[in-house]
Structures are given as C-alpha cells and as structure tokens.
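Turn these sequences into a full structure, and let the hints steer you where they fit.
With full-length UniProt numbering applied, the sequence shown corresponds to residues 1 to 208, in that order.
In case anyone wonders, no lab produced these hints; they're calculated from the structure.
Please note that a few of the clues may not be correct.
Estimated spans, in silico, between C-beta atoms of each pair [what the hints assert, rightly or not]:
hint : residue 1 : residue 2 : range
1    : A34       : F69       : 41 to 51 Å
2    : V161      : D87       : 40 to 50 Å
3    : E120      : T75       : 39 to 49 Å
4    : K208      : R114      : 47 to 57 Å
5    : V112      : D33       : 15 to 25 Å
6    : S180      : E120      : 48 to 58 Å
7    : Q163      : D87       : 35 to 45 Å
8    : Q71       : R166      : 43 to 53 Å
9    : E120      : Q66       : 23 to 33 Å
10   : Q147      : S27       : 32 to 42 Å
With a straight-line Cα cutoff of 25 Å, these simulated DMTMM-like cross-link-like pairs (lysine to aspartate or glutamate) come out [what the hints assert, rightly or not]:
hint : residue 1 : residue 2
11   : K208      : E121
12   : K203      : E176
13   : K202      : E121
14   : K203      : D135
Glycine included, each C-beta is placed from N, C-alpha and C at the ideal position.
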Amino acid sequence: MFAASGGGPNYIVRVTEAPPLPVELTSFTVETDAQQAVLTWTTATETNNAGFEVQHQAPGAASWSQIGFEQGAGTTTEARSYRFATDALQPGVHTFRLRQVDTDGTESLSDVRRVQIRTEEPVTFAGPNPVSAGDRARVTVQLDRAQDVTVSIYNVLGQQVDQLHRGTLQAGEVLEASVSTANLPSGMYFLRVQGTSVNEVKKFTVVK
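Put into structure tokens, the structure is as follows:
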C-alpha cells in the first residue's frame, strides 16, 4: 500500500504492507456420490486458520445449518487439501458453503455450491403382485423436485378405474398410497404416475 504527502519535487512516499489474507482458497467443489454430497477444497496458504465450518441448506430451507467442522492448519505456506462427506441426503437441490474461522474468531464465507440428489427409483410398486381379493398393494412415490402429480389406475382398455392421488408433491416428500382391489375385477391393470419430471407405468394383476 502506497501513500504520498507533500508537494512539488520533494515529497515523502510511505510504503506499508497489507495484512495477509487468513486463507487463500484455491478451489471448492461439491460432487454427489449416490445419496451423499462430497465437498473438497484446497488452500494455497493459511494464516491463523482455526478451521472450516461446513454449512448446509436443505431443499426448500431458508436458513443454514452446520453439519461438520474440519480443523485448519493454523499458519502454513504449503498447499493443503480437505474433504468432507455428508450423510445420506433427501432428494432435491442442496446448497453448501464454508465458513472459515480464524483463531481470533474472525470469519469469512466462501461462495456457495449446489448439487442435486436424485431418487434412485422415483416410483416403487411394493406388491404383492398379483394382488389377491381383499389384499392391498402399496406404491411409493418420491421425486427430486416439487411438482403436481397424479397417481391413477387403468384397465387394459385404457380406461381410468381409480385415482389414488392428485396434488402437489414437494421435493423429497414421500407419497405412500395403497391400491384397493375391492371394486376391481380379476385381470391386468396399470398404475400410472404422471408429473413434470415423471411418467412411469407399473403393471400388476388382480386375482379373485
């Protein structure tokens, strides 16, 4: 940092050094591994670095929560690498950031990173199949984004014979419905789940 005083040909130039950055963050990435998020970051230098608080914002959440802490290297001029893996996360878009804390309590925040956790199987038909008279088959729907969803049953003629659900399903919300066979004659049927990001059909048979 430079500062000048005086005028004319004779003036004084004072040179002062700017305080070093507490942490020089050179990379910060978040990737998915199945239902987990894996955070990795590197630093070029660290000065009085107590550590990094890993902060998480769940899908639809307005606030942040701390889910982990990685101890810093204190003061070092050598590059350092860090890694943090979350527990299994619900489907949806998850947001992460690092809160770097100095030994004197000073703190700074990193840029945010987002990843999307997808459902491995958005629609599960949990049988039994075939469905006997008096039994109830179960269906589970879980999607990775909020949307309007209908769950309906059709016969082999393409006629709708029942509707199990019609409404908005939030990201990660689990919809559980049961198929009643009380008013269904023996035969083959199709369970159809429709939404913005899903259009799945499951075949089942009713036996009486």
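Violated hints, by number in ascending order, as checked against the structure
Hints 1, 6 and 11 not satisfied by this model.
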